[in-house]
Amino acid sequence: MLILECPYCGVKAEETELSPGGEAHLKRFGPDSSDADFEAYMFARKNPKGVHFERWRHAYGCGKWFLAARCTATLEVFGTYPAQSTEPPVEVIDKIKAKRPDWKGFK
Amino acid sequence: MSTRLTSNGWMINRNVAVEFTFNGKRLRGYEGDTLASALLANDQMLVGRSFKYHRPRGIVASGPEEPNALVNLGSGARLEPNQRTTTTELFDGLEAQSQNHWPSLEYDVGVLNNYASRFLPAGFYYKTFIHPRAAWKHVFEPIIRKSAGLGQAPKDRDADHYEQAYGYCDVLVAGGGVAGLQAALVAGRAGARVWLVEEATVWGGRARVDGDIIDGMAAQAWVDQTVTALMAMPNVTMRLRCQAAGVHDHGYVLLSERVADHTPGDGRPRQRLWRLRATRIITATGAIERPLSFPGNDIPGVMLAGAVRDFVGKWAVSPGDRTVIVTNNDDAYRTAIALHGAGLEVVAVVDARVSVNGDLPERVRALGIRVETGKGIAKVKGTKRVEGVEICVQAGEGKASSFVACDCVAMSGGWSPVVHLWSHCGGKLAWDEAGAFFRPDPDRPPLSHDGRAMVIAAGAANGALRAAATDADAAARIALDMLAMKPAKATAPMHDLPEEGAMAPVWVMPQGADIALRSKMWLDFQNDVKVSDVQLAAREGYESVEHTKRYTTLGMATDQGKLSNINGLAVLAESLNMAIPQVGTTTFRPPYTPVTLGALAGEARGEIFQPLRRTPMHAWHEKNGAYFEPVGYWRRPYCFPRAGETHDQAVHREVRNTRNAVGLLDASTLGKIIVKGPDAGRFLDMLYTGVMSTLPIGKCRYGLMCNEQGFLSDDGVVARIDEDTWLCHTTSGGADRIHGWMEDWLQCEWWDWQVFTANVTEQYAQVAVVGPNARKLLERLGGMDLSKETLPFMQWADGTLGGFAVRVYRISFSGELSYEIAVDAGQGAAFWQALIAAGVEFGAMPYGTEALHIMRAEKGFIMIGDETDGTVIPQDLGLDWAISKKKADFLGKRGQQRSFLANADRWKLVGFETLDGSVIQDGAYIVGQGVNANNQRNVQGRVTSTYFSPTLNRGIAMGLLRHGPQRMGEVVEFSKIEGGTVQARVVNPVFFDKDGEKQNV
Amino acid sequence: MSDPISALNGASFDGFATIREIGPIGMITLRAKAGTKGLDKAIMAATGCAVPALLRMETKDDRAAGWMSPDEVLLILPYAEVSQALDAIAQALKGQHHLAVNVSDARAVFRVEGAQADQVMRKISPVDFDTLALGELRRSRAAQVAAAFWRDEAGFTVVCFRSVAGYMMALLSQSAKAGSEL
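Chains as they are written, first to last, in my numbering: chain A, 1 to 107; chain B, 1 to 1001; chain C, 1 to 182.
There could be a bad hint or two in this list.
As a list, the in silico SDA-like pairs of lysine to any residue whose alpha-carbon atoms are at most 20 Å apart [claimed, not checked]: (1) C/Lys33 with B/Trp745; (2) C/Lys177 with B/Trp745; (3) A/Lys12 with C/Asp130; (4) A/Lys99 with B/Gly625; (5) C/Lys33 with B/Lys885; (6) B/Lys623 with C/Lys177; (7) B/Lys893 with A/Ala40; (8) C/Lys177 with B/Gly598; (9) C/Lys94 with B/Arg444; (10) B/Lys893 with A/Lys12; (11) A/Lys27 with B/Gly870; (12) B/Lys885 with A/Asp32; (13) A/Lys97 with B/Gly451; (14) B/Lys886 with B/Gly870.
Sample of chain A residues lacking proximity to chain C, with all beta carbon distances greater than 12 Å (derived) [unchecked claim]: (15) Ile3; (16) Lys12; (17) Met42; (18) Asn47; (19) His52; (20) Glu76; (21) Val77; (22) Pro82; (23) Asp94; (24) Lys99; (25) Asp102.
No lab work stands behind these hints: they were computed from the structure.
All C-beta atoms in this analysis are idealised placements derived from N, C-alpha and C, irrespective of residue type, glycine included.
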């Protein structure tokens, strides 16, 4: 059972205090979008064995959504950061690169 | 025979006798006995039957690894099956029943399986029960079910209570032997927050019984000194009877604490499940001795050598007067010395090794005990207990060279580290050639959140079988280093060890045994898996160890192969001509030994099985006979039956009374969310399919919310409170979900919008006052103007009624003149009672959710969860009027543009009236012409809501029908569960007061 | 208007710790971004307390202000003074984006007291009570429901939603049962 540190309140919250929200950094496609873009936004999800970015809500705590970078294979957590981020912060990226030299990058 | 000795027995208190029963027989033991030691003290060698062949089974081990001696413990509300006698503390009045036999332990009919054993090989079930197909269901399965399982399942409600608790520490040390004690000491002295847990009732593990000497001290003196030091440390928590059962992600460890197993009924929780978070875990869980695979190694009286000296030393019980020891290592000689010291006869030590000259064997020889080297056991004589052994040359085929009478055989095939806690979260193992065991590979540990080792192995669990405390000292230093803590200055404890000769791996005894002998060599005592079964599996192509496990059931019994795994792997490896590490191990899964379901459920049973949500009026409803139904975690009155009324009759009365006079509904569960801010209007326009930003202050508007796929997710009335404040009503079950949905979009997508939300659902009690007399009733309470002119339909107003501060919404879900009135929750019960009292003269009655449902269906109003199921868009329900065409965007708009949702052939909402006036069955389909590819009748729609309408005195329904609105007047057929169909006419879904005159008065 | 009643009307239980439902207590949820002009004045006007720091509970007599999230403060005050306080808040935050709402009746409040009160809490919440400081406000889970709590010299104050007050009372009582000390 994971522990993730909420970047808002600093609480090291165990999984039962959190609710999961799936893949992070999705871009919303609205009414004018193509079928392909909308399908990708709605349904196409990464399922990597390794580095992954996820949405979590500190549901029983401060109620804030945050994002987490972790390894789905070893459960190593590289960092958590506010939901108001369009891409992972540089320090998180750097940490991942240092720990996973063969990681292909965020994009 | 087994009996109680006069010497030894440091675990027992001979001054306190304890009475217990085994299969109804009254027996006596001492305080401090385990059930196993007490049974042996009473010469009860036969304690159970094996699973498949029903062979007689005796106690083989002395700890949690015991596969055989399992009993039904207790009776009635305290019955628990499959309890290991070796870990069950004896208490006065304990009742135990042996398992898996009929009619009795001594004379078991099932033992016939034993004589038919050559017809019950590995994979027997797979091979036999395939044909004929029908026989499985009617013949095989009932027979197997009857014979399956070991113990009895309890039938009564558990009389005990259980609980859980959370713990946190820097270092968890699992295991309180010398390794665990030393690790805890080092970590504790460094100031770390330490938990030290031990599943047994005393500290020290095997050290005393093995005669260890540490730092020149007898083991027990060292243990006492260390325990005293630890107890003085406020940062160290120590718990006995507490097993680290499983290691999970990020240092989450489940500890199973047996609080009152040995004192049943004393009011304490029987067991407690600790949910511990440890930054680092030191597993000091020791090692388990392996049996040797020789013919007849399962006969009662054949025991592990270490267990024999445990029983002699700890509990002063001799498993037999004359013992033969069979071994492949020096450690078993400790048993010879212990038995000799207790005045018992060691007939011979049969050692498979040719050259035996370590310190311990020399000491044994010096005691005058016969040591037979290069020898093995060809056969154990006896059925329900050992009568003697035939000795043979280990290298040969099993021709007996001599027969030795004995009543106990103490075997040792070497020791295997207990690597479970290391392995639960993926720690990898390395094969240790010298010890012939798997031990934790420090280079491939299980990882924690920081990518570093979560578990560190110490002592025997790390493969350091003898210098355990020294090894644990080092392990604790590794843990401290990872915690960035400094160990106090102290030297590692040193063991004074005898020189031990190398052990020799022996997987089959004798080496050249033929199939007849191999069919008598047990690997898994509980599940009856023999050397020959594993070899058969290998021959039949089961090369993966996981496949072999499932095919033979090796290691699948309640002991999970604690004794059998390594021996089984080795036999498999030999059969496949592979090295043991190449074959690998099966997966070690938590828990280490079974954890009671009661402990896993913890406090969540009875009244607090789950949280019940109660409205402020709940107590009144209970007092007035409400019949409740669950709505989420809420309990809402379904109806208020009066004496002599059925629920249907009550519901129909409530509907008629509301339509004709006035009804009161507790609507407090309705979700209420305040949305405020400069961007609140814009935000709500994105959330709802309609336009909320233009709603004038003081007015209400019905709205729909969809998910991004376009499917309808919730509905409710929105009220504009002031310039930048709206109040959104949600469905009863939907308040938390919708509030979360709003926060998700505000935090994660439109975080620059200035909007705040607050879920105020529980701040208010809400009452719907519904019916032609509603206004009169409220006017009787008095305090504000509720006239049509001042408060028209779809408006709200603040004021007072009967002295209560209220907010009144003029909205209707029934088609009647209706007011929904919110008061502070703390006033809810009083306000409700004021309405009931004032309502008497107007014929007011409370009504429940079923009357609400019927009235809304009579009006053709949809209900989320009835008309919707996550695949329905508002357009399907004829709600196009509530969807803005002008808005460029709202959640779900893009989804609804998808071709299959925009398709004209979709099933759409209409009403139905059966031709015969009957009520269409719930869930009925509207059948179409012909059949589909699976030869099932085609369908063209389904019912979504169906009721008997007391207002119209006939069945009414709503449902989804292909091209529905274009088919008014057509007659369609609905399926019936019992077969056949019922005919119904397609009609407008508004059955009652089509022009809405009643609500507008 | 009749006297407001708390969810359980002052229920209590004596085990190895004492459980009491208290209230009604005035509570206001105040949402505003940190640093909003007038926020300190609003909190001061309602409670006499300073703006609470991260995870802190500021207390003054029977009033308090607690950090609930980066943009939410819980204000605690006498029940009868809520509407007056809401007016003061509106005045202090006039023109500033904020939301202040009375939640006094939406909550149930409990006291867990006694030398071993922490043991009751350790059974129900996944929180490290060894490190929970005096005056630290923690929002978490109490078995199956959301709860907020803080510690003072005499014990703990536990806040949950009103509808689950009965569950919370039974949960706390069960956890405080004599003989079940940790």
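We went through each hint and held it up to the structure:
1. C/Lys33 with B/Trp745: Satisfied, since the Cα-Cα distance of roughly 17 Å is no more than 20 Å.
2. C/Lys177 with B/Trp745: violated (44 Å)
3. A/Lys12 with C/Asp130: holds (14 Å)
4. A/Lys99 with B/Gly625: violated (65 Å)
5. C/Lys33 with B/Lys885: violated (35 Å)
6. B/Lys623 with C/Lys177: violated (29 Å)
7. B/Lys893 with A/Ala40: Status holds; Cα separation ~16 Å.
8. C/Lys177 with B/Gly598: holds (17 Å)
9. C/Lys94 with B/Arg444: Roughly 61 Å separates the two Cα atoms, so the pair is violated.
10. B/Lys893 with A/Lys12: violated (38 Å)
11. A/Lys27 with B/Gly870: violated (23 Å)
12. B/Lys885 with A/Asp32: holds (14 Å)
13. A/Lys97 with B/Gly451: holds (14 Å)
14. B/Lys886 with B/Gly870: violated (25 Å)
15. Ile3: Violated: least Cβ distance 10 Å, not greater than 12 Å.
16. Lys12: violated (9 Å)
17. Met42: Its Cβ never comes within 12 Å of chain C, the nearest being 30 Å, so this holds.
18. Asn47: Answer for A/Asn47: holds, closest chain C Cβ roughly 29 Å.
19. His52: holds (24 Å)
20. Glu76: The assertion about A/Glu76 holds, with a minimum of 21 Å to chain C.
21. Val77: Holds, because the least Cβ-Cβ distance between A/Val77 and chain C comes to about 17 Å, which exceeds 12 Å.
22. Pro82: violated (9 Å)
23. Asp94: holds (26 Å)
24. Lys99: Consistent with the label, A/Lys99 stays out of reach of chain C, its closest Cβ about 27 Å off (over 12 Å).
25. Asp102: Non-interface label stands for A/Asp102: nearest chain C Cβ at 36 Å, farther than 12 Å.
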